[in-house]
Amino acid sequence: MANPKSLLTLTSLFSLFLLTLSTKLTLPLSPFPNHPSSDPLQALSFHASASISRAHHIKNSRKLNSSLTKVPLFAHSYGDYSVSLNFGTPPQTSSFIMDTGSSLVWFPCTKRYICSRCQFPNINPAKIPTFMPKLSSSSKIVGCQNPKCGWIFGPEVNSKCPNCNNQSPQNCSQPCPTYIIQYGSGATVGILLSETLDFPEKIVPDFLVGCSFLSIRQPAGIAGFGRGPQSLPAQMGLSKFSYCLVSHRFDDTPQSSDLVLYSSSSSSEEEPTIAESQRNKTKLQSLSSTPFQKNPGPPNSAFREYYYIMLRKVIVGNKNVKIPYKFLVPGADSSGGTIVDSGSTFTFMEKPVFEPVAKEFEAQMANYTRAKDLENKTGLRPCFDISKEEKVNFPELVFQFKGGAKMELPLTNYFSLVSSSGVVCLTIVTDGVVGPGGNGGPAIILGNFQQQNFLVEYDLEHEKFGFRKQSCK
Numbered sequence: 203m204a205n206p207k208s209l210l211t212l213t214s215l216f217s218l219f220l221l222t223l224s225t226k227l228t229l230p231l232s233p234f235p236n237h238p239s240s241d242p243l244q245a246l247s248f249h250a251s252a253s254i255s256r257a258h259h260i261k262n263s264r265k266l267n268s269s270l271t272k273v274p275l276f277a278h279s280y281g282d283y284s285v286s287l288n289f290g291t292p293p294q295t296s297s298f299i300m301d302t303g304s305s306l307v308w309f310p311c312t313k314r315y316i317c318s319r320c321q322f323p324n325i326n327p328a329k330i331p332t333f334m335p336k337l338s339s340s341s342k343i344v345g346c347q348n349p350k351c352g353w354i355f356g357p358e359v360n361s362k363c364p365n366c367n368n369q370s371p372q373n374c375s376q377p378c379p380t381y382i383i384q385y386g387s388g389a390t391v392g393i394l395l396s397e398t399l400d401f402p403e404k405i406v407p408d409f410l411v412g413c414s415f416l417s418i419r420q421p422a423g424i425a426g427f428g429r430g431p432q433s434l435p436a437q438m439g440l441s442k443f444s445y446c447l448v449s450h451r452f453d454d455t456p457q458s459s460d461l462v463l464y465s466s467s468s469s470s471e472e473e474p475t476i477a478e479s480q481r482n483k484t485k486l487q488s489l490s491s492t493p494f495q496k497n498p499g500p501p502n503s504a505f506r507e508y509y510y511i512m513l514r515k516v517i518v519g520n521k522n523v524k525i526p527y528k529f530l531v532p533g534a535d536s537s538g539g540t541i542v543d544s545g546s547t548f549t550f551m552e553k554p555v556f557e558p559v560a561k562e563f564e565a566q567m568a569n570y571t572r573a574k575d576l577e578n579k580t581g582l583r584p585c586f587d588i589s590k591e592e593k594v595n596f597p598e599l600v601f602q603f604k605g606g607a608k609m610e611l612p613l614t615n616y617f618s619l620v621s622s623s624g625v626v627c628l629t630i631v632t633d634g635v636v637g638p639g640g641n642g643g644p645a646i647i648l649g650n651f652q653q654q655n656f657l658v659e660y661d662l663e664h665e666k667f668g669f670r671k672q673s674c675k
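Each residue of the sequence shown is one higher than the one before, counting from 203 in this note's numbering.
It cannot be assumed that every hint is accurate.
SDA-like, lysine to any residue: derived pairs with alpha carbons at most 25 Å apart [said to hold, decoys possible]: (1) K329 / P293; (2) K608 / K671; (3) K336 / G356; (4) K336 / N367; (5) K593 / K675; (6) K671 / V518; (7) K675 / S490; (8) K336 / S361; (9) K561 / N578; (10) K608 / R572; (11) K593 / R572.
Distance windows between CB atoms, simulated [as the list claims (entries may be wrong)]: (12) D408 / I382: 18 to 28 Å; (13) K671 / E557: 46 to 56 Å; (14) E557 / K342: 18 to 28 Å.
These are calculated hints, taken from the structure and not from any lab test.
Ideal placement from N, C-alpha and C gives every residue a C-beta, glycine not left out.
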């Protein structure tokens, strides 16, 4: 559910805005623009707070009634990874956060675009690059009775089309309603367009994309990679996609890795050589995998758009942490379960899951001094002062999934050094809700910080999630 204060602000800004109007594809992934502070302590606190806000959004989500492509991914200090995509005729390039926790693709749009509370280093809110529909010959406003309008507003969209009563879809000129989408720490407002998505190896016509003219804390667009029909994978008909996230120590640098998009026709259009087949077979065998899981909630529930995976055990230092089973499996009320979300920075756990995990770290690291002052400042815990230690033994952290697949996290994926103070903190967050959370939603959200230096594959055709540890440089 959208935050009332955020929506009030958004509505007010929207009113002001209206007044001013009288085959294989590979994309580079990069971390997003600088965080408001270069102080690592404040940065950790920001990421912790943003991850919890993101978790609240995900858990309270509500819907508004050539064969292979590679794209560079870039890491950013405000906690996300971005890609550049080309829309329009001729193509216009826009930057998008890659987000597996939402489905709509949208860009900042028109020269009147307003971004409120977008004061980030290296970001001038008044100079955010925007898409210009008037400069594209393929840009069309989506009509109210266009089936794609229903992707966003659901089956009740006809009630929002009063001017289309007793008219055929071809004769109704009423546009699809304005969308308002709430994210963890921001929101966006806009209209839906039909546009051309342009890759060097492939062109996707009639792609549904949001033209946002007003946002809160959204200095770039969002490329939704979720399970909804409006997502980029669904509209492109992908059989799978994969990424390898470079370390956040490369935030705001030219260092990138690849987001790889596989179309359903990959196998039939490109006949691999024997050597390539053997390499692909070895690569496939080296991936650990676990099946995706459907959320049993209502068919039109936003939770259905998330990638649920079946976490079975959390292991700290070879010890299984006891977690109530109801938090590991999504129930009929949509509460519980684990999702993968590239748009969250730190992994989120509901309090009944987090507490036993944190206590196990505290027990196994009892010989080190707790840094509770920094815990209060960052929102992270436990934190330990290791500045005077010559040698430190950290317990391993392992996530074990259905089928036995184990994600053994590198130390830097779950403990972070706070500046030069010699304090390290666990980079998993929780909130004050005893749980299950108020309006259901996943109990565990696997964020991108814990996915650094893993090759991650979303096999949509075979409904499974694969991963293996590797350097993503």
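Each hint, compared with the structure:
no., hint, verdict
1, K329 / P293, "holds, 20 Å"
2, K608 / K671, "holds, 11 Å"
3, K336 / G356, "violated, 29 Å"
4, K336 / N367, "violated, 30 Å"
5, K593 / K675, "violated, 28 Å"
6, K671 / V518, "holds, 18 Å"
7, K675 / S490, "holds, 21 Å"
8, K336 / S361, "violated, 30 Å"
9, K561 / N578, "holds, 17 Å"
10, K608 / R572, "violated, 29 Å"
11, K593 / R572, "holds, 16 Å"
12, D408 / I382: 18 to 28 Å, "holds, 24 Å"
13, K671 / E557: 46 to 56 Å, "violated, 28 Å"
14, E557 / K342: 18 to 28 Å, "violated, 52 Å"
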